[in-house]
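Listed below, chain by chain, are the residues.
6 protein chains.
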Amino acid sequence: MKKGIVHFNEGEHINLYLLIKSAQRSVASNGKPFLTLILQDKSGEIDAKLWDCTPQDEEDYTPDTVVQVDGDITTFRGKNQLRIRGIRLTTGQDHVKKSDLVASAPMSINEMVDTMNQFIFEIRNPNIQRLTRTLLKRHQEAFFEFPAAVKNHHEYVSGLAYHVVSMLNLAKSVAALYPALDTDLLYSGIILHDMGKVIELSGATAASYTLEGKLLGHISIMVNEIGKAAKEMGIEGEEITILQHIVLSHHSKPEWGSPKPPLIKEAEILHMLDNLDAKMNMLSRAMEKTKPGEFTERLFAMDNRSFYNPLFEQKVTVDS
Amino acid sequence: MKKGIVHFNEGEHINLYLLIKSAQRSVASNGKPFLTLILQDKSGEIDAKLWDCTPQDEEDYTPDTVVQVDGDITTFRGKNQLRIRGIRLTTGQDHVKKSDLVASAPMSINEMVDTMNQFIFEIRNPNIQRLTRTLLKRHQEAFFEFPAAVKNHHEYVSGLAYHVVSMLNLAKSVAALYPALDTDLLYSGIILHDMGKVIELSGATAASYTLEGKLLGHISIMVNEIGKAAKEMGIEGEEITILQHIVLSHHSKPEWGSPKPPLIKEAEILHMLDNLDAKMNMLSRAMEKTKPGEFTERLFAMDNRSFYNPLFEQKVTVDS
Amino acid sequence: MKKGIVHFNEGEHINLYLLIKSAQRSVASNGKPFLTLILQDKSGEIDAKLWDCTPQDEEDYTPDTVVQVDGDITTFRGKNQLRIRGIRLTTGQDHVKKSDLVASAPMSINEMVDTMNQFIFEIRNPNIQRLTRTLLKRHQEAFFEFPAAVKNHHEYVSGLAYHVVSMLNLAKSVAALYPALDTDLLYSGIILHDMGKVIELSGATAASYTLEGKLLGHISIMVNEIGKAAKEMGIEGEEITILQHIVLSHHSKPEWGSPKPPLIKEAEILHMLDNLDAKMNMLSRAMEKTKPGEFTERLFAMDNRSFYNPLFEQKVTVDS
Amino acid sequence: MKKGIVHFNEGEHINLYLLIKSAQRSVASNGKPFLTLILQDKSGEIDAKLWDCTPQDEEDYTPDTVVQVDGDITTFRGKNQLRIRGIRLTTGQDHVKKSDLVASAPMSINEMVDTMNQFIFEIRNPNIQRLTRTLLKRHQEAFFEFPAAVKNHHEYVSGLAYHVVSMLNLAKSVAALYPALDTDLLYSGIILHDMGKVIELSGATAASYTLEGKLLGHISIMVNEIGKAAKEMGIEGEEITILQHIVLSHHSKPEWGSPKPPLIKEAEILHMLDNLDAKMNMLSRAMEKTKPGEFTERLFAMDNRSFYNPLFEQKVTVDS
Amino acid sequence: MKKGIVHFNEGEHINLYLLIKSAQRSVASNGKPFLTLILQDKSGEIDAKLWDCTPQDEEDYTPDTVVQVDGDITTFRGKNQLRIRGIRLTTGQDHVKKSDLVASAPMSINEMVDTMNQFIFEIRNPNIQRLTRTLLKRHQEAFFEFPAAVKNHHEYVSGLAYHVVSMLNLAKSVAALYPALDTDLLYSGIILHDMGKVIELSGATAASYTLEGKLLGHISIMVNEIGKAAKEMGIEGEEITILQHIVLSHHSKPEWGSPKPPLIKEAEILHMLDNLDAKMNMLSRAMEKTKPGEFTERLFAMDNRSFYNPLFEQKVTVDS
Amino acid sequence: MKKGIVHFNEGEHINLYLLIKSAQRSVASNGKPFLTLILQDKSGEIDAKLWDCTPQDEEDYTPDTVVQVDGDITTFRGKNQLRIRGIRLTTGQDHVKKSDLVASAPMSINEMVDTMNQFIFEIRNPNIQRLTRTLLKRHQEAFFEFPAAVKNHHEYVSGLAYHVVSMLNLAKSVAALYPALDTDLLYSGIILHDMGKVIELSGATAASYTLEGKLLGHISIMVNEIGKAAKEMGIEGEEITILQHIVLSHHSKPEWGSPKPPLIKEAEILHMLDNLDAKMNMLSRAMEKTKPGEFTERLFAMDNRSFYNPLFEQKVTVDS
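For the protein sequence lines, the chains are A, B, C, D, E and F, in the order given. Residue 64 in the UniProt record's numbering sits at position 64 of the first sequence, with consecutive numbering throughout. Residue 209 in the UniProt record's numbering sits at position 209 of the second sequence, with consecutive numbering throughout. Residue 174 in the UniProt record's numbering sits at position 174 of the third sequence, with consecutive numbering throughout. Residue 80 in the UniProt record's numbering sits at position 80 of the fourth sequence, with consecutive numbering throughout. Residue 318 in the UniProt record's numbering sits at position 318 of the fifth sequence, with consecutive numbering throughout. Residue 129 in the UniProt record's numbering sits at position 129 of the sixth sequence, with consecutive numbering throughout.
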């Protein structure tokens, strides 16, 4: 693999394709404007300064744009920075795609589409099946590209869909052990629960919160989407209210964003599976970066805990 | 005024028109079914037993039905009870209306309709005006008859509309002192903020929570109604999201039912005016029942406090 | 099935084998002692009075004793009571066992022993395997008979072992989806996590808290048992500390009884699986008693929520 | 208007009258003392260093002193700083007053005095009227000059009196809608509620907390002042206890500084009006600095929220 | 000792001097008024009914009155009650004093007065000494008779003074180990800290809360008393503010009634000694009623805990 | 006394014996490794950089090692730093001991050993006495050298034993005033309560948390130690459970680390004495650094409060 942006040291020169994650204009003490960019590739990100920028620069170099950059690595307070010497927009001839520069789910979109369709196919209640299929179609493009969150867990391209696929598989295993669970509600609820994020967030990459995201949040947005879709499709009945409830309650507590707690057993279980998959995602990734015998960095979304990676397992592996 | 149901003493015989507030079937130890009814008139309510009831009785005597009752007042653990001797449904010839038997707002429905129309007329933004007018029309009948709540404040017929009218007047006074406030958002937000209660509650009298009320709550219900109405009317734009936000945030904190806190200044003020009017309603009614120099009963919705009714005011009145 | 104690009505005479769940001596206003007993069979329990009891009665009729009772059903404040006319201890000739009178897990002890041994067999780390096997042996009898708790979930004979078996199966499914999980720690942790209950509680039936239970609690008791066993067996190493940690942290938060939160990923997952199985147990049993279209009674251990049993499922079942 | 201190850029030279807001002595690594000053004018404030200061400098340049300063703007970590070249105390001949250098209420002191006297005149209870008038007289000078707080709301010269005047007007409007309210208690309570700040804070400008402020707080200080004044004036009776209670409870909750919650209806309403006026003050000023379509900075005293300034209003204004 | 009121059984006749603890008038279902009294002697208390009472009875039989009662013990829901046959006020000729009928501190008032004077004598700062002596004089009578609280700890005659004496002795021991402590502040603070209770409560026996008690609380009352006394005595200086602070902060946290936390080291220690003495008082009395090997009743003021009385101590005593 | 490391200024050269408190390896932007050390002597500590370190350096310069250092004081962001020119390990010929470089308790180890033995001698219950003596012996060396904590209170060499000695003296005084207290439980409980810190922490100096410390905590560790020792010594009985309980509950609340609250009166009192001694330690030391008339720095472990050091005391001292 090509050397990524985070692997260069002070004093080195770089010439790379990078994605603009954020861009902010300021005025230097000499009165001239400059841009502070965050640039990223799959290896991570770096802060960069484009001094003496022109109005054209400000217009061109906006978030979510791929650029070709030429510059020097410097350090500021112990952190690498990029001093840009040359920068330009890319064209088709560069043969570089945004997806080459961002992390993404470890499963192809096609595979995820197929899995989800299979689960929808297994939904027996025709109203639930139709509604789920329709809403997935309506938001399909974004749904398979958006991250599950801006940070914390599954915060990469297609993270939302990958999180849903993992939860569906988990739900299938759990429902096999507890036959009282209604898989129609579980599967549909899982597919819909976070779908409002395609409206709450600004995009698949360089994502920020939209106005609707800030004022309503993905939960209320999605409860609405279900209500509007059901009305258009002429579907009525308790199923709709229950699906809206499952979405509404999936964060479980008011202080976590759900105005009603789960009052349907599948809503309670969905909340727990959501939690389980998100935590496994965070833990696995933190563990990968941690040697045996050491503690992970603090995980903010897990009450700021550091987890220990046991040493003894290795000894065992040696023994067996 | 005629002697109400709560003014009779043990041993007295009554013959009154009463409204069934709730009805519950049980089986006595002799194996025969009986009904436990709560019966009410404007003076208050009483528990009543209808022993050895027939299947026809069970069908007839359901909540929200006006009946003619003949019976004796007994006491059980220091509380009056009614032993029913005779009971029958009423007909047109009885010339009794449910509204004769329930408490209601101190303002006529017509007067409240007029006031609200006047405020809607003062809304300058055409989208907000149309949407508010349409939603009020759609739910008009229930809106002017429902209580504002099942208990605590404005829990009488037309309490919802009366609470809205009081808030509108309050908003007008406050906006006159703070001209930065947008009265369009305030007036529309006030009219819509609790409108979801017409779906959350079962009726104007003998109200209980509907399934939608329990699973979604009046806030989410109303955010939805706004979304669906705007879609039907082809209205788009920030106004809709902001009105939805005002409704969504009017309880101010997650633990009080609002998944987002107010993030628009009119949303913040609306929450405060809602609170002020509800508290004045509770305080005024508690004070009316309390002699100077004494404390009110504990007010559950005001942190269980008892308020003191000062003595000194009277002395002053005597002086002046 | 024979008519159980809760199915009799006021005025009926009974003659049954019953188990004493609790017994309390008082003195009547005439100065004579009497016993207040709670008696149970599989159908449920009833309060009973044995008036004018002798010192021999007091000695004989203690908790966890099977008796033959003859008496009359009366009612007191709407609740059935038993007025005892005759009572005696049972002997071998009665052919009645305590297990005939108490609810128990829906799986035989033998089957649970086999399952658990199979899981222990799959533990690859020899220290963990030996320690788990030894501790299970040491407490085997109680472990397979005790309830998982005094109330809330799995509160029946063998409830503890049944809960453990369910969690082991669940852990196997989940570990199949998330291969980063160490099944040695998960399986051993699950078998040991609640084992301290065999010391915390007084017995398999009519269970109350022991002094150690009240002063130390099952978590500290079990951390101790692991420490003492490891010392006796000469096992040292991080594995022991980690197993102690998994037991110590399995309630996840200080206010729920764990002085340390999970800091090992398997400890975190074990906590979630424990929760999931306990909640499924409570929800399934509450749902069984609730008709479609109605809400369950309030479930104290689930934040006092009532869960809704959907109606629509039935319609679907009818259709298919 | 003259260019204020915050409008200069790096490299510019300044020569301005400024007010010392705070002054701190340190010793540089070369062993010589220097002063770190915060200097302000109406436009805002700046950090400044006076190197190699003499003992006379330390004595002269203390908080709340007006100085004439000559120096250069530099930057340190992106923030402007002032390197002082020359500094001197001002004299009468400079014709500069402290009030030229600090922000103040948008109403003249005379106007506020008149308004408050008018409200006191409307108090009918003679004891309440005399006590209020006496206490206002006693603290008059400070009362009309102090800020309402060190930060957050009405934190400018005469902010305290301006906040009181706004609340009085608000109280008048609200009492007109809810005639049960006793305006004597409301008006007197409003005038007295924050009067303790004239003892809690050190002055009208460059305010810090006094020892009494830190150890007792303005609420306890004022409850005391009322008690002492009433004793001196020979006023007895419930009115005094009630006014003390209104002051004591005006922060509403123990964790906000009130050892008793409001137990008089006017105390409850006063708390709400206090809150409403403080929030309107914070919101209006934050909104003034925020363009339509953007969010305000985070407002610490409003749960750290950022408020949105709607875009749509402008469009409407254009339309109408 | 004569048999006390709590030692009689159903059916027995009594003829005793008793103290009225509370009295409430009601109207029976026959329309005639009756009094519900709580009557007490040193052994405890009993509920009593005086049927068909006259207006003279209502005037005579008020709280804190000693009466001679003749009546029969009955039971109601398992609790003894007294049916009054004859009742009369007592006169000098009865030779009965209220103090014969109420529990009181295990130390004479004279002894407590002496102890306290001795401690005041040891205060070296003249201002603190004079102020403490003056305030003690001013409230002396009530101070040596009132309970420390209505319930929970030291809730008997002279409980307040006894609690203060215990704390003074404790303070002396602790100050001997930590010489940094200022005994002037400690001794004066201890004597004054709860003195406001002589205004907060209605009397030494049958105590309830006064209006000042309910609206201001003993802490604010006492801060005021110190302020007024210092003003009268012409004492000024930091000592006064600090003593007021010690009283103000002695409950340590806002939610326990102190608007400021301790910010003087003696205030912090005083809070801890107050707590220690109150808890020892509650624990000792609960333990006296509890057999070895058993748990005390739940102690509401100690987080509702039940404490265990160890068995093993006895064995040791037997051994030695 | 020799000039300590914190008393040097920028530009000065030092040549001192210092103790390494912590050591961390990093890689500079030039790719070469360097060590960041914290070095200390009795006066305090300083950050130091050892550039271009060799593998031998990394091996030698680890925490808790005494070194001889030669270097220059520089400053970085207003804080002194040490640029190391020469560094070497010390040998016997340097005649420097670690104890010369660290702060320690104001009482000799011998004196503390004697005091503790005296208290153990006063324990009358033979089981408690033997167990306490044995555990103290087993951990004696560390027990008399370790700090009581890593920060906050008694965080110096022998701080643990000194804290225990202070608490024992305090317990003796308190038990003299409240004879109901069992001194056997108090003395033994005090000696054992924090003994687990000898396993939780890494050493007497430069202490960090061990793996057992992080995963189990000193409370669980010590409950275990008591259990294992009792088992080895063949001691059984309630005493052991009660001592384990006293240790388990000595932090009083779950959120402070005790899974059970005190349920034995001596456990409750021990918790309060622990608190009292820790707070006196923190307050005394903070006061020593604070001039009269000023506030201490914020004390993190005392709710972040600043305490006031009164001025008036001095005046009094002058007067008397």
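There could be a bad hint or two in this list.
No copy is singled out in the list; a pair is fine if it fits within one copy or between any two copies.
Unchecked claim - Computed cross-link-like contacts, DSSO-like style, restricted to lysine-lysine with a CA-CA straight-line distance of at most 27 Å:
#1 Lys228 / Lys32
#2 Lys98 / Lys231
#3 Lys3 / Lys32
#4 Lys42 / Lys21
#5 Lys214 / Lys279
#6 Lys3 / Lys253
#7 Lys3 / Lys172
#8 Lys21 / Lys79
#9 Lys21 / Lys151
#10 Lys279 / Lys97
#11 Lys253 / Lys49
#12 Lys32 / Lys137
#13 Lys42 / Lys2
#14 Lys151 / Lys231
#15 Lys49 / Lys279
#16 Lys42 / Lys137
#17 Lys42 / Lys231
#18 Lys79 / Lys151
#19 Lys32 / Lys289
#20 Lys253 / Lys97
#21 Lys291 / Lys172
Hints are computed from structural coordinates only; laboratory data are not their basis.
For each hint, the structure was consulted:
no. : hint            : in the structure
1   : Lys228 / Lys32  : neither (50 Å within a copy, 49 Å between copies)
2   : Lys98 / Lys231  : neither (38 Å within a copy, 35 Å between copies)
3   : Lys3 / Lys32    : between (34 Å within a copy, 20 Å between copies)
4   : Lys42 / Lys21   : within (12 Å within a copy, 39 Å between copies)
5   : Lys214 / Lys279 : both (25 Å within a copy, 21 Å between copies)
6   : Lys3 / Lys253   : neither (45 Å within a copy, 43 Å between copies)
7   : Lys3 / Lys172   : neither (41 Å within a copy, 40 Å between copies)
8   : Lys21 / Lys79   : both (18 Å within a copy, 26 Å between copies)
9   : Lys21 / Lys151  : within (14 Å within a copy, 36 Å between copies)
10  : Lys279 / Lys97  : neither (31 Å within a copy, 47 Å between copies)
11  : Lys253 / Lys49  : neither (43 Å within a copy, 40 Å between copies)
12  : Lys32 / Lys137  : neither (48 Å within a copy, 55 Å between copies)
13  : Lys42 / Lys2    : within (10 Å within a copy, 52 Å between copies)
14  : Lys151 / Lys231 : neither (34 Å within a copy, 32 Å between copies)
15  : Lys49 / Lys279  : neither (36 Å within a copy, 39 Å between copies)
16  : Lys42 / Lys137  : neither (29 Å within a copy, 53 Å between copies)
17  : Lys42 / Lys231  : neither (43 Å within a copy, 41 Å between copies)
18  : Lys79 / Lys151  : within (21 Å within a copy, 30 Å between copies)
19  : Lys32 / Lys289  : between (42 Å within a copy, 22 Å between copies)
20  : Lys253 / Lys97  : neither (41 Å within a copy, 43 Å between copies)
21  : Lys291 / Lys172 : between (33 Å within a copy, 26 Å between copies)
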